[in-house]
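Participant: Sequence:
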Amino acid sequence: MQNARVAVYLDFDNIVMSWYDRVHGRNSYSRDRQRIAANPDEPEIAARLADAMIDVGAIIDYAASFGTLVLTRAYADWSSPVNAVYRSQLVARAVDLVQLFPAAAYAKNGADIRLAVDAVEDMFRLPDLTHVVIVAGDSDYVPLAQRCKRLGRVVVGVGVAGSTAKSLAAACDQFDAYDALPGVRSPEPEDEKKVDSGAPRRRRKKSIDPAAELLSRALRLEHERTDEDWLHLSAVKNLLKRMDPSFSEKALGHRSFSDFVKAHASVAELDESTNIVRVRLKEDPSS
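Under numbering that gives the first Met the number 0, residues 0 to 286 are what the sequence shown spells out, in order.
In short, the hints are calculated from the structure, not lab data. Be aware that a few hints might be false.
[Stated by the list, open to error] Listed below are the simulated PhoX-like cross-link pairs for lysine-lysine, each with C-alpha atoms no more than 25 angstroms apart in a straight line:
no., residue 1, residue 2
1, K240, K261
2, K261, K236
3, K165, K148
4, K240, K281
5, K249, K236
6, K261, K249
7, K281, K249
8, K261, K281
9, K236, K165
A quick note: this is a predicted structure, and the numbers were derived from the prediction, not measured.
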(Lines of atoms letter the chains of each structure in order from A; the text may use other names.)
(Lines give C-alpha, C1' and ligand atoms only; values in the text may rest on other atoms or scores of the structure.)
Protein backbone atom coordinates (compact mmCIF):
# COMPACT_ATOMS: atom_id res chain seq x y z
CA MET A 0 0.00 0.00 0.00
CA GLN A 1 1.43 3.36 -1.05
CA ASN A 2 1.83 6.02 1.65
CA ALA A 3 0.70 3.65 4.39
CA ARG A 4 0.57 5.27 7.83
CA VAL A 5 0.74 3.06 10.91
CA ALA A 6 -0.34 3.40 14.55
CA VAL A 7 1.08 0.93 17.08
CA TYR A 8 -0.40 0.10 20.47
CA LEU A 9 1.47 -2.17 22.91
CA ASP A 10 -0.12 -3.70 26.00
CA PHE A 11 3.35 -3.99 27.45
CA ASP A 12 2.44 -5.82 30.66
CA ASN A 13 0.61 -8.43 28.60
CA ILE A 14 3.51 -9.10 26.25
CA VAL A 15 6.11 -9.16 29.05
CA MET A 16 4.15 -11.63 31.16
CA SER A 17 3.21 -13.81 28.20
CA TRP A 18 6.80 -14.05 26.99
CA TYR A 19 8.01 -14.85 30.51
CA ASP A 20 5.56 -17.77 30.58
CA ARG A 21 6.62 -18.82 27.06
CA VAL A 22 10.28 -18.95 28.11
CA HIS A 23 9.93 -20.45 31.58
CA GLY A 24 6.72 -22.44 31.36
CA ARG A 25 3.01 -21.91 31.83
CA ASN A 26 2.02 -19.67 34.78
CA SER A 27 5.69 -19.00 35.64
CA TYR A 28 5.13 -15.26 35.98
CA SER A 29 2.27 -15.76 38.44
CA ARG A 30 4.47 -18.04 40.54
CA ASP A 31 7.42 -15.63 40.47
CA ARG A 32 5.42 -12.40 40.75
CA GLN A 33 5.98 -11.86 44.49
CA ARG A 34 9.71 -12.59 44.25
CA ILE A 35 10.02 -10.23 41.25
CA ALA A 36 8.20 -7.46 43.12
CA ALA A 37 10.20 -8.02 46.31
CA ASN A 38 13.68 -8.10 44.76
CA PRO A 39 14.14 -8.24 40.97
CA ASP A 40 17.93 -8.16 41.50
CA GLU A 41 17.94 -11.52 43.31
CA PRO A 42 20.40 -13.57 41.17
CA GLU A 43 17.99 -16.33 40.19
CA ILE A 44 15.14 -13.92 39.44
CA ALA A 45 17.45 -11.54 37.58
CA ALA A 46 18.63 -14.41 35.40
CA ARG A 47 15.07 -15.52 34.65
CA LEU A 48 14.07 -11.96 33.75
CA ALA A 49 17.13 -11.60 31.50
CA ASP A 50 16.25 -14.82 29.69
CA ALA A 51 12.74 -13.49 29.04
CA MET A 52 13.68 -9.99 27.83
CA ILE A 53 11.47 -8.63 25.07
CA ASP A 54 13.17 -7.51 21.84
CA VAL A 55 11.54 -4.10 21.51
CA GLY A 56 13.34 -3.40 18.24
CA ALA A 57 11.89 -6.51 16.60
CA ILE A 58 8.35 -5.31 17.32
CA ILE A 59 8.91 -1.73 16.15
CA ASP A 60 10.75 -2.83 13.02
CA TYR A 61 7.96 -5.27 12.18
CA ALA A 62 5.40 -2.48 12.50
CA ALA A 63 7.55 -0.21 10.32
CA SER A 64 7.46 -2.80 7.55
CA PHE A 65 3.82 -1.82 6.91
CA GLY A 66 4.51 1.88 6.42
CA THR A 67 5.44 5.11 8.19
CA LEU A 68 4.98 4.96 11.97
CA VAL A 69 2.71 7.88 12.85
CA LEU A 70 2.41 7.07 16.53
CA THR A 71 3.55 4.30 18.86
CA ARG A 72 2.27 3.92 22.39
CA ALA A 73 3.16 1.43 25.13
CA TYR A 74 0.88 0.98 28.15
CA ALA A 75 2.24 -0.24 31.49
CA ASP A 76 3.10 0.69 35.06
CA TRP A 77 6.55 2.12 34.27
CA SER A 78 7.42 2.41 37.95
CA SER A 79 7.58 -1.38 38.10
CA PRO A 80 11.22 -2.59 37.80
CA VAL A 81 10.15 -5.27 35.31
CA ASN A 82 8.94 -2.59 32.90
CA ALA A 83 11.35 0.19 33.85
CA VAL A 84 14.32 -1.65 32.31
CA TYR A 85 12.71 -1.13 28.88
CA ARG A 86 12.15 2.62 29.16
CA SER A 87 15.41 3.70 27.52
CA GLN A 88 14.89 1.29 24.61
CA LEU A 89 11.33 2.47 24.05
CA VAL A 90 12.16 6.15 24.30
CA ALA A 91 15.04 5.63 21.84
CA ARG A 92 12.48 4.30 19.34
CA ALA A 93 10.16 7.30 19.89
CA VAL A 94 7.57 5.25 21.78
CA ASP A 95 5.14 7.23 23.94
CA LEU A 96 5.05 5.66 27.40
CA VAL A 97 1.55 5.76 28.88
CA GLN A 98 1.61 5.37 32.65
CA LEU A 99 -0.90 2.98 34.17
CA PHE A 100 -0.96 3.11 37.94
CA PRO A 101 -1.06 -0.17 39.89
CA ALA A 102 -4.61 -1.44 39.84
CA ALA A 103 -6.57 -3.57 42.25
CA ALA A 104 -7.46 -7.08 41.15
CA TYR A 105 -10.97 -6.03 40.19
CA ALA A 106 -9.55 -3.37 37.83
CA LYS A 107 -7.13 -5.63 35.99
CA ASN A 108 -8.42 -4.56 32.57
CA GLY A 109 -7.28 -0.95 32.99
CA ALA A 110 -4.68 -1.25 30.23
CA ASP A 111 -7.21 -2.75 27.84
CA ILE A 112 -9.71 0.06 28.36
CA ARG A 113 -7.19 2.90 28.15
CA LEU A 114 -5.57 1.47 25.02
CA ALA A 115 -8.91 0.88 23.30
CA VAL A 116 -10.21 4.38 24.10
CA ASP A 117 -7.02 5.99 22.79
CA ALA A 118 -7.02 3.87 19.62
CA VAL A 119 -10.63 4.68 18.71
CA GLU A 120 -10.02 8.38 19.40
CA ASP A 121 -6.96 8.26 17.14
CA MET A 122 -9.00 6.70 14.33
CA PHE A 123 -11.21 9.79 14.21
CA ARG A 124 -8.47 12.30 15.03
CA LEU A 125 -6.11 10.95 12.34
CA PRO A 126 -8.24 9.96 9.35
CA ASP A 127 -5.13 9.23 7.23
CA LEU A 128 -4.14 6.23 9.38
CA THR A 129 -4.19 3.10 7.24
CA HIS A 130 -2.89 0.40 9.62
CA VAL A 131 -3.38 -0.36 13.31
CA VAL A 132 -0.91 -2.72 14.99
CA ILE A 133 -2.12 -4.17 18.30
CA VAL A 134 0.56 -5.91 20.36
CA ALA A 135 -1.32 -8.04 22.88
CA GLY A 136 -2.98 -11.40 23.21
CA ASP A 137 -6.09 -10.72 25.25
CA SER A 138 -9.52 -11.50 23.80
CA ASP A 139 -10.70 -8.20 25.32
CA TYR A 140 -9.16 -6.52 22.26
CA VAL A 141 -11.50 -8.28 19.83
CA PRO A 142 -14.08 -5.42 19.85
CA LEU A 143 -11.28 -2.92 19.22
CA ALA A 144 -9.98 -4.90 16.25
CA GLN A 145 -13.49 -5.18 14.83
CA ARG A 146 -14.17 -1.46 15.29
CA CYS A 147 -10.89 -0.50 13.57
CA LYS A 148 -11.79 -2.75 10.63
CA ARG A 149 -15.25 -1.18 10.38
CA LEU A 150 -13.53 2.21 10.25
CA GLY A 151 -11.58 1.03 7.22
CA ARG A 152 -8.20 0.31 8.81
CA VAL A 153 -6.01 -2.75 8.24
CA VAL A 154 -5.63 -4.43 11.62
CA VAL A 155 -2.41 -6.31 12.41
CA GLY A 156 -2.01 -8.29 15.63
CA VAL A 157 1.12 -9.48 17.41
CA GLY A 158 1.02 -11.87 20.34
CA VAL A 159 3.04 -14.58 22.02
CA ALA A 160 2.41 -18.07 20.70
CA GLY A 161 0.36 -20.13 23.12
CA SER A 162 -0.86 -17.07 25.04
CA THR A 163 -2.99 -15.41 22.39
CA ALA A 164 -6.75 -15.83 22.20
CA LYS A 165 -7.81 -17.43 18.92
CA SER A 166 -10.68 -14.96 18.74
CA LEU A 167 -8.25 -12.02 18.65
CA ALA A 168 -6.21 -13.58 15.87
CA ALA A 169 -9.42 -14.21 13.91
CA ALA A 170 -10.53 -10.59 14.38
CA CYS A 171 -7.36 -9.20 12.76
CA ASP A 172 -6.60 -8.91 9.05
CA GLN A 173 -3.16 -10.35 9.81
CA PHE A 174 -1.77 -11.88 12.97
CA ASP A 175 1.83 -12.90 13.64
CA ALA A 176 3.43 -14.53 16.65
CA TYR A 177 6.05 -12.45 18.45
CA ASP A 178 8.17 -15.62 18.48
CA ALA A 179 8.31 -15.58 14.66
CA LEU A 180 9.34 -11.94 14.18
CA PRO A 181 12.75 -11.45 12.53
CA GLY A 182 15.43 -11.08 15.19
CA VAL A 183 13.51 -12.80 18.00
CA ARG A 184 15.25 -15.83 19.46
CA SER A 185 12.89 -18.69 20.24
CA PRO A 186 13.05 -19.97 23.82
CA GLU A 187 15.12 -23.05 24.53
CA PRO A 188 13.40 -26.19 25.85
CA GLU A 189 13.50 -26.24 29.64
CA ASP A 190 15.68 -29.36 29.75
CA GLU A 191 18.35 -27.60 27.69
CA LYS A 192 18.37 -24.59 30.01
CA LYS A 193 19.65 -26.63 32.95
CA VAL A 194 23.26 -27.40 33.80
CA ASP A 195 24.39 -30.33 35.91
CA SER A 196 23.95 -28.33 39.11
CA GLY A 197 20.30 -27.75 38.23
CA ALA A 198 20.71 -23.97 38.13
CA PRO A 199 19.28 -22.07 35.18
CA ARG A 200 21.75 -21.19 32.44
CA ARG A 201 21.48 -17.82 30.81
CA ARG A 202 21.22 -17.95 27.04
CA ARG A 203 24.04 -16.35 25.12
CA LYS A 204 23.44 -14.18 22.12
CA LYS A 205 25.95 -14.28 19.36
CA SER A 206 27.67 -10.93 18.89
CA ILE A 207 26.76 -9.36 15.55
CA ASP A 208 27.51 -6.13 13.74
CA PRO A 209 24.46 -3.87 14.39
CA ALA A 210 24.41 -2.68 10.77
CA ALA A 211 24.45 -6.26 9.51
CA GLU A 212 21.66 -7.18 11.92
CA LEU A 213 19.57 -4.24 10.69
CA LEU A 214 20.11 -5.27 7.06
CA SER A 215 19.26 -8.89 7.82
CA ARG A 216 16.06 -7.92 9.62
CA ALA A 217 15.00 -5.60 6.79
CA LEU A 218 15.56 -8.34 4.21
CA ARG A 219 13.53 -10.86 6.17
CA LEU A 220 10.66 -8.44 6.74
CA GLU A 221 10.52 -7.46 3.08
CA HIS A 222 10.71 -11.13 2.05
CA GLU A 223 7.76 -11.95 4.32
CA ARG A 224 5.79 -9.00 2.94
CA THR A 225 6.37 -9.79 -0.75
CA ASP A 226 7.03 -13.56 -0.59
CA GLU A 227 9.86 -12.97 -3.06
CA ASP A 228 13.45 -14.18 -2.64
CA TRP A 229 14.97 -11.43 -4.77
CA LEU A 230 13.95 -7.97 -3.58
CA HIS A 231 14.31 -4.52 -5.09
CA LEU A 232 17.31 -2.85 -3.50
CA SER A 233 15.49 0.49 -3.26
CA ALA A 234 12.56 -1.10 -1.39
CA VAL A 235 14.93 -2.66 1.13
CA LYS A 236 16.69 0.64 1.69
CA ASN A 237 13.37 2.45 2.18
CA LEU A 238 12.30 -0.10 4.76
CA LEU A 239 15.65 0.06 6.51
CA LYS A 240 15.35 3.84 6.74
CA ARG A 241 11.87 3.50 8.27
CA MET A 242 13.29 1.06 10.80
CA ASP A 243 16.21 3.35 11.66
CA PRO A 244 15.84 6.92 10.36
CA SER A 245 19.42 7.65 11.48
CA PHE A 246 20.88 5.05 9.13
CA SER A 247 23.37 6.37 6.58
CA GLU A 248 25.57 4.16 4.46
CA LYS A 249 27.91 7.11 3.89
CA ALA A 250 28.35 7.57 7.64
CA LEU A 251 29.44 3.93 7.71
CA GLY A 252 32.06 4.59 5.03
CA HIS A 253 30.23 3.40 1.89
CA ARG A 254 29.66 5.44 -1.28
CA SER A 255 26.27 3.86 -1.98
CA PHE A 256 23.74 1.51 -0.48
CA SER A 257 24.81 -1.23 -2.89
CA ASP A 258 28.38 -0.86 -1.60
CA PHE A 259 27.03 -1.19 1.94
CA VAL A 260 25.28 -4.43 0.97
CA LYS A 261 28.41 -5.76 -0.75
CA ALA A 262 30.37 -5.10 2.43
CA HIS A 263 28.04 -7.53 4.23
CA ALA A 264 28.43 -10.46 1.88
CA SER A 265 27.74 -12.93 4.68
CA VAL A 266 24.26 -11.44 5.05
CA ALA A 267 23.12 -10.58 1.53
CA GLU A 268 23.96 -10.94 -2.14
CA LEU A 269 23.29 -8.58 -5.03
CA ASP A 270 22.08 -9.19 -8.55
CA GLU A 271 23.26 -6.34 -10.79
CA SER A 272 22.72 -8.15 -14.10
CA THR A 273 19.77 -5.89 -15.05
CA ASN A 274 18.87 -2.23 -14.72
CA ILE A 275 16.92 -3.03 -11.55
CA VAL A 276 19.35 -4.01 -8.80
CA ARG A 277 18.02 -6.78 -6.58
CA VAL A 278 19.14 -8.25 -3.29
CA ARG A 279 18.33 -11.34 -1.27
CA LEU A 280 19.14 -12.71 2.16
CA LYS A 281 22.12 -15.03 1.99
CA GLU A 282 22.43 -16.12 5.54
CA ASP A 283 20.90 -15.42 8.93
CA PRO A 284 23.82 -14.10 10.96
CA SER A 285 21.95 -14.45 14.25
CA SER A 286 21.39 -18.17 13.87
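Participant: When the hints from earlier in the document are held up against this structure, which numbers fail?
Facilitator: Hint check: 9 fails alone, others pass.
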